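Put chains B and C on the given structure of chain A with help from the hints.
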Amino acid sequence: MVEQHRFGNVLPHLILWIGILIVAFPVYVAFVGSTHEPTIISNGQMPPWPGAHMIENYYRTIFVGTSGTTREPVGTMLINSFIMAMVIACGKIAISILSAYAIVYFRFPLQMTAFWVIFITLMLPVEVRIYPTYKIAADLNLLDTYAGLTLPLVASATATLLFRQFFMTVPDELVEASRIDGAGPFRFFKDTLLPLSRTNMAALFVILFIYGWNQYLWPLLITTRDEMQTIVIGIKKMIVTADAITEWQLVMATAMLAMLPPVAVVVLMQKLFVRGLVETEK
Amino acid sequence: MKRSVFTHRLLPYALLGPQIAITIIFFYWPAIQAVWQSFLLQDAFGLSTMFVGLENYATLIGQPEYYHTLVNTLIFSALVAIISLSLALLLAVQADKPLRAGGVYRTLLIWPYAVAPAVAGVLWAFMFQPSLGLLARGLREMGIDWNPLLDGNHAMTMVVAAAAWKQISYNFLFFLAGLAAIPRSVLEAAAIDGASPTRRFWTIVFPLLSPTTFFLIVVNIVYAFFDTFGIIDAMTAGGPAKATETLVYKVYFDGRLGGDLGGSAAQSVILMVMVIGLTAIQFRYVERKVTY
Amino acid sequence: MIARNIAAAAVLVAATTSAHAQVEIQWWHAMTGGNNQVIVRLADEFNGLQKEYKIVPTYKGSYPDTMNAGIAAFRAGNAPHILQVFEVGTATMMAATGAVKPVHVLMREAGEKFDPQAYVSAVAGYYSTSKGEMLSLPFNSSSTVMWINKDAFRKAGLNPDVPPKTWPEVFEAAKKLKASGHPNCGFSNAWVTWVNVEQLAAWHNISLSTKANGLDGFDTVLQFNSPTHVKHLETLIALQKDKTYDYSGRTNTGEGRFTSGECPIFLTSSGFFGNVRANAKFEWRNAPMPYYDDVAGAPQNSIIGGASLWVMGGKKPEEYKGVAKFFAFLSETDRQVAIHKSSGYLPITKAAYQKTKESGYYKENPHLETPLLELTNKEPTENSRGLRLGNMVQLRDVWAEEIEAALAGKKSAKAALDAAVARGNTMLRQFERTVTR
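Residue numbers (numbering that gives the first Met the number 0), protein chains in the order written: chain A, 0 to 281; chain B, 0 to 291; chain C, 0 to 436.
Hints are all accurate, no fakes.
To give an idea of the chain A side of the interface with chain B (calculated C-beta under 8 Å), a few residues:
id : residue
1  : H12
2  : R106
3  : F107
4  : R128
5  : I129
6  : I135
7  : P151
8  : V231
9  : M251
10 : V262
11 : V265
12 : V266
List time: in silico DSS-like cross-link candidates among lysine-lysine, alpha-carbon distance up to 27 Å:
id : chain 1 : residue 1 : chain 2 : residue 2
13 : C       : K377      : C       : K210
14 : C       : K324      : C       : K354
15 : C       : K354      : C       : K112
16 : C       : K314      : A       : K134
17 : C       : K377      : C       : K230
18 : C       : K362      : C       : K377
19 : A       : K270      : B       : K96
20 : C       : K164      : C       : K174
21 : C       : K315      : A       : K134
Across the chosen pairs, the derived CB separations fall in these ranges:
id : chain 1 : residue 1 : chain 2 : residue 2 : range
22 : A       : I21       : C       : K362      : 55 to 65 Å
23 : A       : E175      : B       : A279      : 31 to 41 Å
24 : B       : F205      : A       : I21       : 20 to 30 Å
Since the hints were derived computationally from the structure, they do not count as laboratory data. Quantities reported herein were computed from a predicted structural model and do not represent experimental measurements. Where is the CB? At the ideal position from N, CA and C, for every residue including glycine.
One chain only, chain A, in its complex shape:
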């Protein structure tokens, strides 16, 4: 057995707690910021502990909106972010599982071409080709629509690759067995492959939900109407001001609200999250 001193156990605990404190500190400061008056913050006099304006600030953030930076209250933005994250996550899973199925379980001309066409895009982020993509979304009349917000982000090779790898590990005997039962490709997919992939899909969903929720540059360009804004860009728009002062308390309250859903997903679905992370990147 590797030795375990009593002292040897204190140090790891200490290091881990310090790590946790460092990791949590920025969020703590944000929380503190969301509970104070604006003048105290902008005058650089914010104390390092929470103030008394928490309820008021959050109420204003969620239901009223900032006094001017944007007229939409954060409630609307949260809904938009949620829709965007859901559509991206579900859409990605749906189209990827189908294309992975085609690539792994069928022989057809252009099979490798199709695989490479998808695969090349694995790491090409939308930021790199932002202006032409915007132009195309506009040509297709997708500005200010949920379709425009999500479709360009739905295509990516990561999920396809994951399902492809997973399908390769599914024993061939299953196909044969289902064939003997007289099942065609549809039934095999529905009755065998889909149930087997359930955990993978759920794990992937967690990762993709976060990915979708956290999108920034694309929604910034593609949404022009207040009511289409997502919360992440809402924050950015609250900070920049022309001849006005940033309402930091509302910015911080919004930041807290923007973090809450994805963080909750990670914490509550930790097992799936870890699995999804390790699977998608392997």
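Leaving out everything else, chains B and C in the frame of chain A:
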């Protein structure tokens, strides 16, 4: 490849259809447009267009600022990778020990992964904002002239901190998984030989972790290159004097307001080539792992 | 599963494109805080007065973000009807024949009453051709003023009722203020290039760029590496070392340093008024920009900042009718007086200025008149009529980069300004190539 497959004339195409369609419309078409745009000189509104061949590329290559940004990106990526990897490794090694309440630590360390880069940028900017940030005030009271608006190193420190902070949880999880895969028996054998814990770490654990480490280095560099746009935009917008501008940020910045769409497109093309190269490297790695 | 997603997406798309009976007019702007409320109120008021048209204001982010969004949307065939563009975007907008509809054409075609002479010339001139044809409607105009913390002045033994007039006096005052409880900032400014390059040139009757600062042609050549500019920047570099001067960034994000009391002297837009009124917990005032008294003829007159409303091209005639009606509505005297008083921006019509003056309002609120006095201080010269430089937003970034490098001690003032001029000229030539064909 599968031995047992279906044969169907149209079905595979139908299955691939949605993904291929979206990929072509939103990846290839824009990519082609970017290539085309990179040969053009155009005004902001796209009202007058002139074909200039490779001029945009030539300008870019002859521009000291471009190399400056390239070097910046490399420094930024290296710092983010080193800081977040070493902190994550330190924490993972501790969390890998049989501790009471070990699972709690994991929960408390992994959540920053879920924070959007732009939000992370805002959080850190709020702490480091020279006149109102809590940390900035602390630094100033300690006699450090904290001024990220003018001092490029201060600004770089700030964006690196935010970017590394967000990446710790990811690295931590992978290191933890890597550590869990190391057989206990190897460590116990070394312990019986009387090797100290530190020695055991450097001679046994660390080498055994090297595939994970290598993989994480690639991922961290890709992250620092491409996924930190939101952090930089929210914190410094590339300033001061371009001290925190990365290649991806420059693509956005130069094309903004239609100022230099051709130059921006040329940069896009160069980046795309780089990314595709990285993908190929990654792919070889992936395939090896899958087929062993 | 797919079918369900597609159906869901289809419903969502449909929901966002519901039909409107009214003619909807999109107005993209960059106004936040109290000024945003002014915009919303104007739109609501206009929408309440008639039922044919509906103004829909949308906040698009900072000035550059708003302009960026407008340009991107135009390229995509989806431009708003009205786009608020800050003054430095003027040349880019002007050069875009076909992308914009000049205001004088708009008003004539719509048959709205429109008299270019009714507008304050120092303001309207900035947005008009040399023939006096108005291209965009001035909306929020301001000029640079010096904001002063009176309490801090008293504490430092300075008389706040006699604010420093010249730059040397400002430097002296800043040193005293620094010694009396402002260790991090004796004085500062927002909009670094606007204050220290552009206004400095106009205020001292120094040419920023040939061809009347670009007003007379896009083949203009920058020349603001003048001895006065170099001397000014040299002094700032020296004062930055001990924080008698402290840099506050390229935009106005540092303005909070004045209202918080950190910086007792702060040069920025007169539009800062609303915030000072709301947030400063001390006695304050403003004063005209300082000048160097060894420069002959200084002070000349200041130039404006702020933004104007551009009408985008390619819209339907009935939509233009609505825009024209709205512009006429905005120009009404009483409305201008109200906007002026509530926002602190300059009145755009002569009648509104006159009316405010006669009501004795400036006696009680002298800070609102400071920018007007600066603008009309002398008859404008070639160097002080305004600026019209292509890609001005990018130019400003390049200049700011060089100034930042100089203030950080990496370059001498002369080297920085020479580089700013040289790099800027390269960009101007590129702009010229894209427009003059």
